[in-house]
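Enquirer: Sequence:
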Amino acid sequence: MALTLYTNPMSRGRIARWMLEEVGAAYETVVLGYDTTMKAEAYRAINPMAKVPALVHNGKTITECAAICAYLAETFPDAGLAPHADERADYYRWLFYAAGPVESAITNRSLGVVPTDAQQRMVGYGSFDAVVDVLERAISAHPYIAGDRFTAADVYGGSQILFGLQFGSLPKREIFGDYAARLIERPAYKRAGELDDALIAAAA
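Every position in the sequence shown, counted from 1, becomes a number in our numbering once 1143 is added.
Label pairs and their in silico Cβ distance ranges:
| id | residue 1 | residue 2 | range |
| --- | --- | --- | --- |
| 1 | A1284 | A1210 | 18 to 26 Å |
| 2 | D1229 | K1182 | 40 to 48 Å |
| 3 | A1344 | P1258 | 36 to 44 Å |
| 4 | A1324 | A1188 | 39 to 47 Å |
| 5 | G1336 | K1203 | 21 to 29 Å |
| 6 | T1204 | G1255 | 29 to 37 Å |
| 7 | P1286 | A1183 | 40 to 48 Å |
| 8 | G1255 | E1217 | 32 to 40 Å |
| 9 | D1229 | D1340 | 35 to 43 Å |
Under the rule of at most 30 Å between Cα atoms (straight-line distance), these lysine-lysine pairs were calculated in the DSS-like manner:
| id | residue 1 | residue 2 |
| --- | --- | --- |
| 10 | K1194 | K1182 |
| 11 | K1315 | K1333 |
| 12 | K1182 | K1203 |
| 13 | K1315 | K1194 |
| 14 | K1333 | K1194 |
| 15 | K1333 | K1203 |
By construction, these hints were calculated from the structure, which means they are not laboratory data. Ideal Cβ placement from N, Cα and C applies to all residues, glycine included.
Go ahead and model the full structure; you've got the sequences and the hints to work with.
Expert: Shown next as structure tokens:
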């Protein structure tokens, strides 16, 4: 099975690489530049949004990091990262919560967009503070997002928290820090980080 990751080491492509390392599949990496190859027609044919990451698997394209994580978990079941029956509700709930309300709330806050009380009724996430409080409760319920074991939902949801703590877009709450500490000890996370950091160093 041919797998190609289109990415940039200073992007959300780090999430897709982490997931690829978790499933242990062989893959090719194509590094794109933000103002050059990422905007070229050759890549737009793969992802018309001209964004990374994109994953091409046997000629089929998958974009959006949460979708890539879920797809790889199902495509490589031996990695054990897809949900068991009793984990499925929490797995999908929090995977898409991280991809929807969390992503939107953090992005708006970074842009200085603060919905008024009236606007919160039509904004999917309501308010930034509400999103963060609910995220904290989700992480507090179990050692991992879907239960007692690590799944693909932790790759995506955990990445949101790791990025948030690193860049200051999430508050440094104890629950987030404890969860992040568990994630960064995973061998696949370390391998993925070393690969992307080496690409950054080589381009410097």
